[in-house]
Amino acid sequence: MLFQRGVQGRRLLAYGVPMAAVLFALILGAIMLLILDASPLEGVKAMFEGAFGSSKALTETVLKATPLLLVGVGITIAFRADVINIGGEGQLVLGALFSTFVALNVPRLPAVLMIPLVLLAGFVGGAIWGAIPGVLKAYYDVNEILSTIMLNVVAVQLMNFLLRGPFIDPGEIERGTSIPQTERLTENADLPLLFGSGRLHIGPVIAVIAAIAAYVLLWRTPLGYRLRAVGRNADAARYAGIPVKRTIVLALTLSGAMAGLAGAILVFGSESHRMVTDGSTAGFTGNAGFNGIVAALFGGLHPLWTIPASFLFGGLLVGGNALQRTVQVPSALILALNGLVVIFLVSSDRFKRRLLDRKATGTESELGDDPTGPDPPDPSHPEDSESINLVNRGEV
Amino acid sequence: MLEMRGITKRFPGVIACDDVSFEVYPGEVHTLLGENGAGKSTLMKIVYGLYRADEGEVFLNGEPLRITSPNQAISHGIGMIHQHFMLVPTLTVAENVALGLKSSRGALTDLDSVSARIVELGETYGLRVDPSTPVWQLSVGEQQRVEIIKALYRDAKLLILDEPTAVLTPQEVDQLFVTLRTLTAGGRGLIFISHKLHEVLSLSTRITVLRNGRVTGSIPVEGATRDSLAQMMVGRAVKFAPDGADAKPTDVALEIRGLRVLRDRGGEGVCGVDLDVRAGEIMGVAGVSGNGQMLLAETIAGLRTPTAGSIKIVGTEVVGMPPKGVRDAGLAYVPEERMKDGAIGDFTVSENILLIDHNDPRYLKHGMFDFEAIRKHAQRLVDEYTVKTPTLDTPVRNLSGGNIQKMIIARELSGTPEVLVVAQPTRGVDIGAAEYIHTRLIGQRDQATAILMISEDLDEIFGVSDRVAVMYEGQIMGIVDPNTATREQVGLMMAGVAQDEALSQPT
Numbered sequence: 142m143l144f145q146r147g148v149q150g151r152r153l154l155a156y157g158v159p160m161a162a163v164l165f166a167l168i169l170g171a172i173m174l175l176i177l178d179a180s181p182l183e184g185v186k187a188m189f190e191g192a193f194g195s196s197k198a199l200t201e202t203v204l205k206a207t208p209l210l211l212v213g214v215g216i217t218i219a220f221r222a223d224v225i226n227i228g229g230e231g232q233l234v235l236g237a238l239f240s241t242f243v244a245l246n247v248p249r250l251p252a253v254l255m256i257p258l259v260l261l262a263g264f265v266g267g268a269i270w271g272a273i274p275g276v277l278k279a280y281y282d283v284n285e286i287l288s289t290i291m292l293n294v295v296a297v298q299l300m301n302f303l304l305r306g307p308f309i310d311p312g313e314i315e316r317g318t319s320i321p322q323t324e325r326l327t328e329n330a331d332l333p334l335l336f337g338s339g340r341l342h343i344g345p346v347i348a349v350i351a352a353i354a355a356y357v358l359l360w361r362t363p364l365g366y367r368l369r370a371v372g373r374n375a376d377a378a379r380y381a382g383i384p385v386k387r388t389i390v391l392a393l394t395l396s397g398a399m400a401g402l403a404g405a406i407l408v409f410g411s412e413s414h415r416m417v418t419d420g421s422t423a424g425f426t427g428n429a430g431f432n433g434i435v436a437a438l439f440g441g442l443h444p445l446w447t448i449p450a451s452f453l454f455g456g457l458l459v460g461g462n463a464l465q466r467t468v469q470v471p472s473a474l475i476l477a478l479n480g481l482v483v484i485f486l487v488s489s490d491r492f493k494r495r496l497l498d499r500k501a502t503g504t505e506s507e508l509g510d511d512p513t514g515p516d517p518p519d520p521s522h523p524e525d526s527e528s529i530n531l532v533n534r535g536e537v
Numbered sequence: 465m466l467e468m469r470g471i472t473k474r475f476p477g478v479i480a481c482d483d484v485s486f487e488v489y490p491g492e493v494h495t496l497l498g499e500n501g502a503g504k505s506t507l508m509k510i511v512y513g514l515y516r517a518d519e520g521e522v523f524l525n526g527e528p529l530r531i532t533s534p535n536q537a538i539s540h541g542i543g544m545i546h547q548h549f550m551l552v553p554t555l556t557v558a559e560n561v562a563l564g565l566k567s568s569r570g571a572l573t574d575l576d577s578v579s580a581r582i583v584e585l586g587e588t589y590g591l592r593v594d595p596s597t598p599v600w601q602l603s604v605g606e607q608q609r610v611e612i613i614k615a616l617y618r619d620a621k622l623l624i625l626d627e628p629t630a631v632l633t634p635q636e637v638d639q640l641f642v643t644l645r646t647l648t649a650g651g652r653g654l655i656f657i658s659h660k661l662h663e664v665l666s667l668s669t670r671i672t673v674l675r676n677g678r679v680t681g682s683i684p685v686e687g688a689t690r691d692s693l694a695q696m697m698v699g700r701a702v703k704f705a706p707d708g709a710d711a712k713p714t715d716v717a718l719e720i721r722g723l724r725v726l727r728d729r730g731g732e733g734v735c736g737v738d739l740d741v742r743a744g745e746i747m748g749v750a751g752v753s754g755n756g757q758m759l760l761a762e763t764i765a766g767l768r769t770p771t772a773g774s775i776k777i778v779g780t781e782v783v784g785m786p787p788k789g790v791r792d793a794g795l796a797y798v799p800e801e802r803m804k805d806g807a808i809g810d811f812t813v814s815e816n817i818l819l820i821d822h823n824d825p826r827y828l829k830h831g832m833f834d835f836e837a838i839r840k841h842a843q844r845l846v847d848e849y850t851v852k853t854p855t856l857d858t859p860v861r862n863l864s865g866g867n868i869q870k871m872i873i874a875r876e877l878s879g880t881p882e883v884l885v886v887a888q889p890t891r892g893v894d895i896g897a898a899e900y901i902h903t904r905l906i907g908q909r910d911q912a913t914a915i916l917m918i919s920e921d922l923d924e925i926f927g928v929s930d931r932v933a934v935m936y937e938g939q940i941m942g943i944v945d946p947n948t949a950t951r952e953q954v955g956l957m958m959a960g961v962a963q964d965e966a967l968s969q970p971t
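Chains D and F are the protein sequences, given in the same order.
The first sequence runs 142 to 537 under the numbering used here.
The second sequence runs 465 to 971 under the numbering used here.
Heads up, some of the hints might be wrong.
In silico DSS-like links for lysine-lysine, alpha-carbon gap of 25 Å or less [claimed, not checked]:
1. K840/F - K386/D
2. K788/F - K386/D
3. K852/F - K840/F
To be clear, the hints were calculated from the coordinates, so they are not data collected in a lab.
Here the structure is a predicted model, which is why all the values come from computation and not from measurement.
Based on the provided sequences and hints, a complete structural model is requested.
Right under this line is the structure:
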């Protein structure tokens, strides 16, 4: 009985604390608006209307949320296997480049074949970009946080090279403008619109299906079981005969694949139907590779909860832009607001963990004499267990 | 010197200590005896300032004691030797002892005077250890000496020793007991926590037995016997040597030839081991921790690659196979550290039971888990092995050590293995569960499984094994018959004395 109550308390904490964190961040944002002599009420109204107030706003939010969700689902898969993927940006770019390459080089196929083909190409591109740090970590003990971040840099250079060179729209060279973008990609690869018109394409549907698939994978299949077992206790997994290294590679591969899929959706769901950059990664991804991490944290690192979390976080981004337009505040404020949300979310996780630990102390020490309670911390824990624990506690 | 009166400590849903009274006089060894979860550690954590009692009072030398941290406990002259040493491996002995203390020279270190004092303490109490050696180079027994020196250096008048003998050879235990007697002769009070009855009987002045948070008896050592103490601990009569028919060994199921394995830190840890274990026998492997037993076990399980030699499981060469391949060849493995290597604390009971056969088609339907079949399988094992758990969906970390171990053994035996390697099967497990695990091991032996049982507990080695291999510095010193050899002889072999020399010792 006690145990049951404990679980419900945990669940409440797991979702209540992040919500409260976002709320606090927004309150702080409101105070900043006050200092800038703008009305916080008006600001909140502008944000809300900009994000959810009209069908156009909702479309914008959903489209913004789509790459966040896919990247977030990928993050969730990796985090469950106790690997941290900060390479969403690079994987997005690689997915986009692979799918663009396919669209540029495959002879015209009917849309029913072409669309799955470019999505698959994006999936594969991201998967490769995730597999590299996976292999480096599993077999050469290279920290995946560092390698994924560095591969982001490699990816953006690769993108700049390809979009300025081999992939560039021949028209750009003729005109001598040399904007780094491809030609308008084949219409047969355009993502179908959901309502026949407007901007809402099938990308969000694909993302939601991916989230559900990730949930099924993680909790209903032997493969997902292995991922989680390795994430929770790699030693025990190894002793039980699970190939730990291969599982780690697979986790980062799948994680990258999700981001790569998002990259393909960004290209073939874009209004211009071409891949374009301004020379920076964010110029193409809109920072989705990083914001997806926040969405995943917000969703308690659960693939299904990442769906509403991405939607809300997407709304925050879209609403922030609306706020800037309506209330005429400096754009730096929007960046600051987003930053606040991230800081509050991440630190709230620490707070939540402390609360959970306090709850757990009682139940653990009553059942065994093992030194669990307030003993000194175990020095053998790796340095990064902090950040790993930070996210592991998002368990339902 | 220490008096605890009516101590009650509640955790949500459970009373860990219920109206416990307990006192220690200068110069005595007062033993706290009880199974895991009986409340011994909780009681000691209250004395040491880690927990606060809900009810009751603690007096030290007649004064009420109100402390909230181990630092305060230390300044009151209370020292605790933990089961898991609290030493920094890369620092020297002197540095470890000085750690956390103010230097007598302000900002400069005073390690030379610390060293001098360590040598002095070592000579007085028979705790010889070189102050300038880094701790990681010390044997477990020496590290324990450092822990005791640490407490004495801080002038502890009351010492709490939490299962101090778990990691020592019989000879080291004797040596430790000499030291402890010197300490009490000097007027110090000692609280000794243990569940090894023969040690308790040889060292204690008085014994207090706890069961389920209550004192079931507090008696002077005179008149106490193994049986009476065990009965007080468990609440019923306990059988020490599990009975069973004699072993009927048949063919060799595990064959090891010329095995050589490197340690993690360099140097050879297993140096040319030959060993045969037959189907239907339990081969005990005795030895002090760190003499290559664990390397041997992990190599058999495919977790390490040997530099030379061969391992055959029912005729199949398994060297070079991944752990899964070795398991498929017929091996089951119960690792030494159950929470680190044997179970996933955050996973539920049924998820943990699934650990070795989550790919088995019996538990899958269309490539996805068949939770109904998994439940049935887990429930059957939980019932059969009397694993006490609120539900199958309880995270394993919430179970007691004994129940986790029963669950691991249930899982490993569920596939009816040809060879079972089991390391420290009952370490930290309560008597009831230990008794059950021993019976199970013998039962599995009678179903023609070859069992290699590594243990540092000589009671277990003698009680369960059909043959005993003694390991010392990576080699098998010899194989003896537990029915004819004595503990002393095995103890000598564990310390490196050759078999014929050890066996010629008077018994």
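Which of the numbered hints above does this structure break?
-> 1
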